[in-house]
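Novice: Each chain is listed here by its residues.
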Amino acid sequence: MLDNLVLGFSTALSVENLLWCFVGVLVGTVIGVLPGLGSTTGVAVLLPLTLSLEPVTGLIMLAGIYYGSQYGGTITSVLISTPGEASSVVTTLDGYQMARQGRAGAALAISAIGSFVAAIISLALLVTLAPPFAEFALDFGPPEMLAVMILGLATIISFAGDNRMLGLLMALVGLLIATVGVDPGSGTSRFTFGSIYLLGGIPFVEVMIGLFAVGEVLFQIRQGAAAPIKAKFRELMISRDDLKRSRGPILRGSFLGFLFGILPGAGSTLASFMAYGIEKRVNKRGKEFGTGAIEGVAAPEAANNAAANANFVPTLTLGIPGGATTAVLLGAFMINGIQPGPLLFDEQPTLVWGLLASFFIGNVMLLVLNLPLAPVFAQILRVPYGYMYPMILLTSLVGAYSISNGMYSVWVVLIFGVIGYFMKRLDLPMAPLVLGVVLGPLFEKALVQTSAIGDGNVFIVFTRPLALVVMAIALLQIFAPAIMARLLRRRRARLADAAAPTPEESPRG
Amino acid sequence: MTGVPAKRGIAVEQAVVYGLLTALGLGAFVMALDYGFLLEESRVGPGLVPGVVGGLIVLIAGWELIAILRGHRIPHDRGLAEIVGATTADIPQGGASPERAAPGGVPVGDRPGDTAGDIVAVSPDDAPAAGPGLDDVDIFGRTPRDRGRQLVTVSVALVVAVLLVPLLGFLVSFFLLSLFISAVVERRAWIPSLIVSGLAIAAVYGVFVGFLDVPLPTGLIGIGG
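Chains as they are written, first to last, in the working numbering: chain A, 1 to 509; chain B, 1 to 225.
These aren't lab readings, by the way, just hints derived from the structure by calculation. Every residue gets a Cβ at the ideal spot worked out from N, C-alpha and C, and that includes glycine. There may be inaccurate statements among the hints.
Claimed, not checked - Partial list, computed: chain B residues near chain A (C-beta under 10 Å):
| # | residue |
| --- | --- |
| 1 | Trp63 |
| 2 | Ser182 |
| 3 | Ile191 |
| 4 | Ser197 |
| 5 | Leu212 |
| 6 | Pro215 |
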């Protein structure tokens, strides 16, 4: 394992990789700060830029955008109670209160420190856990891959979070989009309507840019401009007492975030909410939460960063992303001709370990950047959206053009931009659709191969023990949340005083 | 937050979207029958995945369509959000679903004139679209109707810009698009709009043409190759 780390650091510390890692985390922070731009949009828009780079360099930069935006999102949560990222929503509760009491600096500092500690802890866990995970997956043949794809599709459904039925529907639409073009098994052309463009299939990077960038901009236009920005910033100093109080919450948040992030589909947002809720319960200052307690900033911030890192475990080892942004990153791997999955650690050690080592370096950079510069980043908020969205549109469309050097890509982006607008407007989840598009061809390939191995019988999946284990996890993925929630609610109901009203339904997220 | 007219509008849009999806699934299913579900020895054929997927789309979208037409709200169940809800029931929450708030831009709580930001009450219904609601006037005094018109203008302008690429070239037509959006649609002053659009185009030129060697279409005028 030590050789792997050495290999990783020697890759990540090359001048070029350091430079792009820095660009990634810097741009990520800015994207996190900007309202209307999330990490998913950022990665989708900037993906085409990385195509000319070495795959490892490109991925280092894109990953930098992802975790950098976690830091950026915090800045606005604290200063103006406007989370730049969904995973920072819960930080607004205490972070903004601290800012109102003139302690914005301390809140930002503790979240930078908490995020950093969490990143390092989760990275250590990632480095220890990912290889055995991948080892276990080395014996996978087509039936096992088919089971993994089914797990991926099951993930999609719980991924949708809010409504599994709509998540499933969108995943199916994604799968259908993925079937356009030449069939992998027989070479039949499907749904091409005689178009040579459609023969090559609908390209997924363009789909992502359309949904997450253009669709997002259109939705923001319809949504209207938000509250004006009035960022104040008094003292940066964080006291020794603050640090002492935050130690426990940061550690608990890190481990909880990692556990949550490692589940495919859970993501950093849920991790941050869980960490806040649990910290509120176990911390002796739990009652002060919501009034500007530093623990209420430290725990969720540590959790969301740990989860963002842990998300890479299922993404790298199984090829199943843990969230919307990692789904786009998965697309970035695939467009570089790299198939994340069990074989990745074996076939591309430089890439995997270089990428993991770059997380460490990137987090150091972020800490150095964020401790003194958070108020500077906050000034970006003064850029009016009226200037910004034409630029997002411009970058998206030029980027799309540069993928294939053709206008077809631009049209695909526009069409999916409109689709994305309506999906947002009607609250249809986008991540399942993207995952369907990305996993579709792999799923079908595994299905065709399995059916060939089994002489027409795909049910040989159930005769392979490893495949069965994966299928069991898939089932668990679908049903466990509902069961656990019921148990927890029942326990709460028992614990709660008979007089106290129990929430009949969990608050809608 | 969202008033009745917007809700009705949404319901109509929902009905249209689910109707289209049902039709899409049906079309896919019928075409897939043609491709053949199974090959000899009952191996998976080219039509199997599209056929099954299309069929399922018909079932789900059709179900949602019927429910909307009958005026039912389909009960939402949640995945992991349920666990979070159960553990953290006592904290105000919102945006727990990554999908909803992921774009990030959505300010939660603390709306204009909302002085009661003390307890950032993120009620579940506020989460998806806080900031000015669909029916509210935003900070520039624009009504939902204005914003709807803006949306249409920008969308049409986008299509026009892309259509103009073969004539004017990529950079010129997108410079015009950016200028049009900033100055006309967003009513920013002309000089800053010119400067911002010019800088943006210069940056795109530098990165994509200078650094990445992307052969952007130059159009008949021949600028920016």
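Novice: Take the hints in turn and mark each one as holding or not.
Specialist: Verification of the supplied hints:
Residue-level restraint check for tryptophan 63 of chain B holds (minimum Cβ-Cβ distance to chain A is 8 Å; threshold 10 Å). Contact between serine 182 of chain B and chain A, as hinted, is supported at the beta carbon level, the nearest pair being about 6 Å apart and thus within 10 Å. Among the interface hints, the one on isoleucine 191 of chain B is violated; its C-beta lies about 13 Å from the nearest C-beta in chain A, farther than the 10 Å criterion. At its closest, the beta carbon of serine 197 of chain B sits 7 Å from a beta carbon of chain A; the interface hint therefore holds under the 10 Å criterion.
Evaluation of the leucine 212 of chain B hint against chain A yields a held restraint, the C-beta minimum of about 5 Å falling below 10 Å. Interface restraint check for proline 215 of chain B: the shortest CB-CB distance to chain A comes to about 6 Å, inside 10 Å, so the restraint holds.
Of the numbered hints stated above, the single one contradicted by the structure is hint 3.
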